[in-house]
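When you get a sec, could you build the whole thing from the sequences and use the hints?
Order-wise, the sequence lines are chains B and E. Heads up: the first sequence begins at 125 in this note's numbering, then just goes up one per residue. Heads up: the second sequence begins at 125 in this note's numbering, then just goes up one per residue.
These are calculated hints, taken from the structure and not from any lab test. One or more hints might be untrue.
[Stated by the list, open to error] In silico contact screen, one side only, chain B against chain E (beta carbon under 7 Å); selected entries:
{"#": "1", "residue": "Leu234"}
{"#": "2", "residue": "Lys253"}
{"#": "3", "residue": "Asn254"}
{"#": "4", "residue": "Leu255"}
{"#": "5", "residue": "Ala291"}
{"#": "6", "residue": "Gln301"}
[Stated by the list, open to error] If you want the ones that stay clear, here's a sample from chain E, every Cβ over 12 Å from chain B, calculated:
{"#": "7", "residue": "Gly173"}
{"#": "8", "residue": "Thr221"}
{"#": "9", "residue": "Ser274"}
{"#": "10", "residue": "Gly383"}
All residues carry an ideal CB built from backbone N, CA and C; glycine is no exception.
Number of protein chains: 2
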Amino acid sequence: MTDRAVSLDRLSLNTATCKPYTLAQCVAAAKAGGLGAVGPWRDRVQEVGAETASKIIADAGLRTSSLCRGGFITARDDETATNALADNRLAIDEAATLGTSELVMVVGGLPAAYELMSMPHTPADATDKNLVAARQRVADRIAELVPYASDKGVRLALEPMHPLFTADRGVLTTLKQSLDIAADHPPDAVGVVVDTYHVWWDPDLQTDIARAGREGRISSYQICDWTLPLAASTLNSRGFPGDGFIDFPTITRWVVEAGYTGDIEVEIFNEDIWALPAQTTITTMAQRYSDLVLPYL
Amino acid sequence: MTDRAVSLDRLSLNTATCKPYTLAQCVAAAKAGGLGAVGPWRDRVQEVGAETASKIIADAGLRTSSLCRGGFITARDDETATNALADNRLAIDEAATLGTSELVMVVGGLPAAYELMSMPHTPADATDKNLVAARQRVADRIAELVPYASDKGVRLALEPMHPLFTADRGVLTTLKQSLDIAADHPPDAVGVVVDTYHVWWDPDLQTDIARAGREGRISSYQICDWTLPLAASTLNSRGFPGDGFIDFPTITRWVVEAGYTGDIEVEIFNEDIWALPAQTTITTMAQRYSDLVLPYL
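What follows is the structure, given as C-alpha cells:
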C-alpha cells in the first residue's frame, strides 16, 4: 500500500454522510478516496439486499465497520414493541450477512415524543414523559435481543446521544449510562459507540472512555463536529471535524489510550454536505482526519 | 393568608420570564399574582440601582430568591479575566444589597466561542477548543471569588447548563461536575442550581440531586420546560412547565426528598412569552406550578 492508503486505512465512510448516494456509489467513492471501510445505513443495504450489499463492499476490498442502525425500542405497548424487536432481529441478520460485528443502536425517545418520531402512538402515550421508565424499557429490550444477536455473532452497539435528542430520538445519553446497561451482558454481546458529536460535552468523558476500553466495549469511534448556530433541522446540524468546537486530538488520544484499534467512521448529517459530490465530501473528510485525528492514533 | 397566597408563596418570578418589563413592573405583577418572591436579573437591578431595587421588592413584601447572574469566567487572558472577576465582585455586592444569599453563576463557554459570546477575543482564542482547560479555569476562578462572596454572605450558585450550551455559554454541564467543584468550598460559599431545563436529561439526576441536598448545596430550584422543535434562537427555546417533555412531578419529588425548602423560580427565555402581558405570563406559570409542582412539594 502507498503511504496515503496506509494512512487512510482506518477511515470509514458512514453512508449517512453521503446520503443522496447509493451504497455502490458510496463504496466506489470511498475506494477511490483510499478509505479502508464503509459503515452503511440499512436503507441503502435494503435497496439492494444484504447479500448484494456485502458483495459490493467486499468486491471493492473494503471492510464494513458497522451497520446503522437498530433501535427505537422504547414503545410502551406490546404490539409496537414486538414489531420493533422483530425489526431489530432483521437488522441483526443484515449485520451478520454484511460481516460486521457491530450493529449501532439508536434507542428511541419518550412516549410523549412518539408522534415526533413517527412511531405509532395513543393519547396516553402523548402525556407520558416518564424518562426513567423509558430507559428501563431500553435495558429490558436490549436483554431480550442479546441471545439472538450473540447467536449471529453481532454486538449491539449502544449509542449514547447528545441530550439535545433525549426527548425525541434517544433516551440513552451518556457513555456511563450505556456501559451500565451493557454491564449485564458479555463484552462481545453489548458495546458502546463513541460518537464525538454526542459525547464531547461530557465532563466524565475521559473516565468513561477508559472504562469502555477496560471493559472491552468500544464498538465504534465516530467523528463529526458540533457547529453553531444549529441548523433549522437540529438533526442535520453536524459538521466536518474542524468546522466546530470539538477537541478531536484530545478525544482521539483518550480513545487510543483505551485501546481502540478499529475503524473510525465519519457520520455527518448536514444538508449542505449532502449537496456535495461524494468525492468532494470524501476528500474533505480525509483531509480533516489527516489533520485532526491521524496524528494522535 | 388566603389559600391561594399560601399555595403560591414559594413561587418566584425570574425577571427573564418577563424580559420586556422593568423590575417595578415585574414586582407589581408578581405581587398581584400572589407570588412570594422574584429573582431579578442584574440589568433590571442596575437600571434603578441595587438599593432602590431592594426597596421595590421589600416594599411589595416579596423575597429575592436569587440574583441572575455572575459568571463568564473562562477567559484565557489576564486582562479579560481580571475584568470578569471585578464584575463578579460587583454582582456579589448587588446580591448582598438585595438581601439574597444566592448569586447564580453562568460560567461561560470555550475560547473558540468567545466571539459568539461577545467576549474580547484573539486569533489564538478562536482555535482553542480545550474544554478540560476551560473547566479548570472555572474552578480556579470560583476559588478566587469565594473569600469575597463569603465575606458578603453571598453563595456562588453554580448553574450546570444543558450540553446544548457547552460551547458558547456554559462549560459546566452536570450537577455532578458542579458539586465536584463546589466540594472544595463550604456549603454556604458555593452551591448549585437545579434548573429542570438544563438537567432533566441527566441519567444520574436523582443521585446527584440527593447528593446536592445531602451536602447542603441546593441554591435554587428553577422550572422551565424542554419544548420541540427548538426555536431559531436556541437560547430562547424554553417553555412553560407542561408545554414540553420534562417530568416535573418526578424531578420535584427528588428535589423535595433532597430537603430543599426554598423558593421555586420560573425562568423562561421565549420570545412568544415575552410578547405577553406580564399578568398573563404570571397567571399561566402559577397554573402550571399548581398542576405540576405544588402537589409534589
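Here is how each hint holds up against the structure:
1. Residue-level restraint check for Leu234(B) holds (minimum Cβ-Cβ distance to chain E is 6 Å; threshold 7 Å).
2. A cut of 7 Å between beta carbons decides the hint on Lys253(B): the least distance to chain E is about 4 Å, and the hint holds.
3. The restraint placing Asn254(B) at the interface with chain E holds, with a minimum CB-CB distance near 6 Å, inside the 7 Å limit.
4. Evaluation of the Leu255(B) hint against chain E yields a held restraint, the C-beta minimum of about 6 Å falling below 7 Å.
5. Given the 7 Å rule on beta carbons, the hint for Ala291(B) holds: about 4 Å separates it from the nearest Cβ of chain E.
6. Interface restraint check for Gln301(B): the shortest CB-CB distance to chain E comes to about 4 Å, inside 7 Å, so the restraint holds.
7. Even its closest Cβ contact with chain B, about 36 Å, leaves Gly173(E) beyond 12 Å, as expected for a residue assigned away from the interface.
8. Consistency note on Thr221(E): stated as away from chain B, and its beta-carbon is indeed over 12 Å from all of that chain's, at 34 Å minimum.
9. In this structure Ser274(E) is separated from chain B by more than 12 Å, as the shortest Cβ-Cβ distance comes to about 25 Å.
10. The beta carbon of Gly383(E) sits about 21 Å from the closest Cβ of chain B, which is more than 12 Å, so the claim that it is off the interface holds.
Checked against the numbered hints given earlier, the structure satisfies every one of them.
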